[in-house]
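> Sequence:
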Amino acid sequence: MFHIREDIRNAKRLDPASPSSVSIFLLYSTLHAVWAHRWHHVLWNAGLKFFARAGSQLMRAITGVEIHPAARIGRRFFIDHGMGVVIGETAQVGDDVMLYHGVTLGGTSTESVKRHPTLHDGVLIGAGAKVLGPVTLGRGVKVGSNAVVVRDVDAGVTVVGIPAKPVGGGKRDEPVGLIEYVI
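In UniProt numbering, the protein residues as written are 1 to 183.
Any given hint could be a false lead.
Unchecked claim - The calculated label-pair distances, taken between Cβ atoms and stated as ranges, are:
id, residue 1, residue 2, range
1, 114, 162, 19 to 25 Å
2, 110, 61, 24 to 30 Å
3, 27, 165, 33 to 39 Å
4, 26, 156, 35 to 41 Å
Hint data in this document are derived by calculation from the structure and do not stem from the laboratory. For clarity, every value in this text was computed on a predicted model and none was experimentally measured. All C-beta atoms, glycine included, are put in the ideal place defined by N, C-alpha and C.
Please construct the entire structure, taking both the sequences and the accompanying hints into account.
Put into structure tokens, the structure is as follows:
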């Protein structure tokens, strides 16, 4: 359920500056936030919503990462330099998703409906980007730094800008290097 070893291997794979597994386990606050979220999600689903919410707020204060306990997070989820990351209540995040600091998966409604994004497997979101509302990002989508996504994005497409628009004519599976990615 908590997949701690898998998360540590994933951090080593995704972070070229990662030290030893012991250091990652002890010092990576973003992994601590994800592990705590998994426990808070269990509490939330068991009807212990006050305790789940209280725990998530405590972890926000400690790590700078706010993940609502009702949000659904997949396996091998990694946040690199997570300060300021916000993941809303009805967000759904697939497997092998990576976020950088300052990313918001936010809502656009005050109604009690699905109001946060759905990210399919393999999505990568750059620093400072905002994905707002009940939009869907398809498998392998890349979102450039500081982009604002307010519409669905098809699988394999890279989007940048405000509002976010496809680059490269919206072609799927184009290789996107770091320089192109941060445009």
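> Does each hint hold? Answer for all of them.
Hint check:
1. 114 / 162: 19 to 25 Å: holds, 24 Å
2. 110 / 61: 24 to 30 Å: This hint holds: roughly 25 Å between Cβ atoms.
3. 27 / 165: 33 to 39 Å: Check passed, 38 Å falls within 33 to 39 Å.
4. 26 / 156: 35 to 41 Å: holds, 37 Å
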